[in-house]
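Asks: The chain contents come next:
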Amino acid sequence: MFHNVRVMRFAVLTLVLLGLTAFASAQAINSGAQPITLNATLAESLSLNLSANAVNFTLAAGSATNAGSTGITATTSWVLKPGRTAVTVDAYFGSAAAALTDGTGNNIPSSAFKISNNGGASTALTNTVAFGAANAGFRLRNTAITGANKTAQVTDAMTFNIDLSGGTLPQLPAATYTGTLNIQAQATP
Amino acid sequence: MKSLIQFVVCSSLLLLCAVSAGAQVVNSGVQTVSLNATLNDSITLTLSSNSVSFLLTAGSATNSGSTGVTATTTWVSRPGKDVSVLAYFSSATSALSDGGGSNIPSSAFSISNNGGAFLPLSNTVAFGGANAGRQIFTVKVTGQNKTGTHADNMLFNIDLSALPQLPAGTYTGTLNIQAQVI
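Protein chains in written order, with our numbering: chain A, 1 to 189; chain Y, 1 to 182.
For the record, the hints were derived by calculation from the structure and aren't laboratory data. Each hint should be verified, as a subset may be incorrect.
Just the calculated beta-carbon pair ranges, DEER-fashion [what the hints assert, rightly or not]:
1. Gly119(A) to Ser90(Y): 43 to 53 Å
2. Gln144(Y) to Gly147(A): 51 to 61 Å
3. Thr67(Y) to Thr176(A): 54 to 64 Å
4. Ala121(A) to Ala130(Y): 52 to 62 Å
Some chain Y residues near chain A, calculated using beta-carbon distances under 8 Å [said to hold, decoys possible]:
5. Ser53
6. Leu55
7. Ala58
8. Gly59
9. Thr72
10. Gly100
11. Asn103
12. Phe118
13. Val125
14. Val139
15. Val141
16. Gly173
One-sided and incomplete, this derived list gives chain Y residues near chain A with beta-carbon spacing under 8 Å [unchecked claim]:
17. Leu47
18. Leu96
19. Pro164
20. Tyr171
All C-beta atoms, glycine included, are put in the ideal place defined by N, C-alpha and C.
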């Protein structure tokens, strides 16, 4: 009986020692964590491209309808920082009185130049917008920026008309009238 | 005369005995010193650099890091154990953040190790956040590599193709590289 107890004690001690050894060998040894600092920059951007850069008009004296030879699509793309609230697209001339001119004092005002945007009503450029001269512009787009469109792309398909029916324009002399219509986008604030 | 001779002989014998007694080695008892030398398991990891920059393009799947980083792992261990090198973020949802609530998740951050495929950090590993890591190297310790050194040449990419609405901003984060022997 006494011998059996000693054998059991020995067995138990051996098992404990084996367990401790196994536990010790299972311990993980870790190196120190080595950090790599990451710095990623997504720059803010706003761009606008036009499908064409020239439009011709064959005018009829006194006519309200003198359509441009082609429509133009403005494609506006942006990547914006949080805090921006709107993207606007403006069409404008440098002068309200002389949007197009023959160079000798005969002018077509911006109020006679109209744009239909994305199938909307044909609207004269008589507003003061972010760019250009006073009363010489038209806001094509004002898109609110939300969490869903900080990065986005939109298109504005424009068709053009010159209305020669108003004011003294029915008396406009025959000539070639040239001018520059500008299209520009802005993110605010 | 006879007495003198006897005296000389006796004196010589005594001198010889004295010299003989002086040449005997005398030893102390043996004192032992127990020696116990322990070479512990150890593992270290060093990086060739600690900073990587990215110039992001919105919606692009390919936004490479400005530089690669080499992790050098050195270990002393015992056969049967595994040495592994792990890359991880502390959070899967915001590996990099602009601090204003817009984040780049770890699943959009990928590593190519030693010329292998780019793989996102979307696994749960020994360190870091759940689903925010990847094991980039592992080896079984055998009799041939109980002491070893290994290099992992890592390249980095951020894939924004699944994040087309990520706003412009500067996104910062910390990628950790850590080795383990277990």
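Asks: Could you work out which of the previously given hints the structure breaks and list their numbers from low to high?
Replies: Hint check: 9, 11, 12, 13, 14, 15 fail, others pass.
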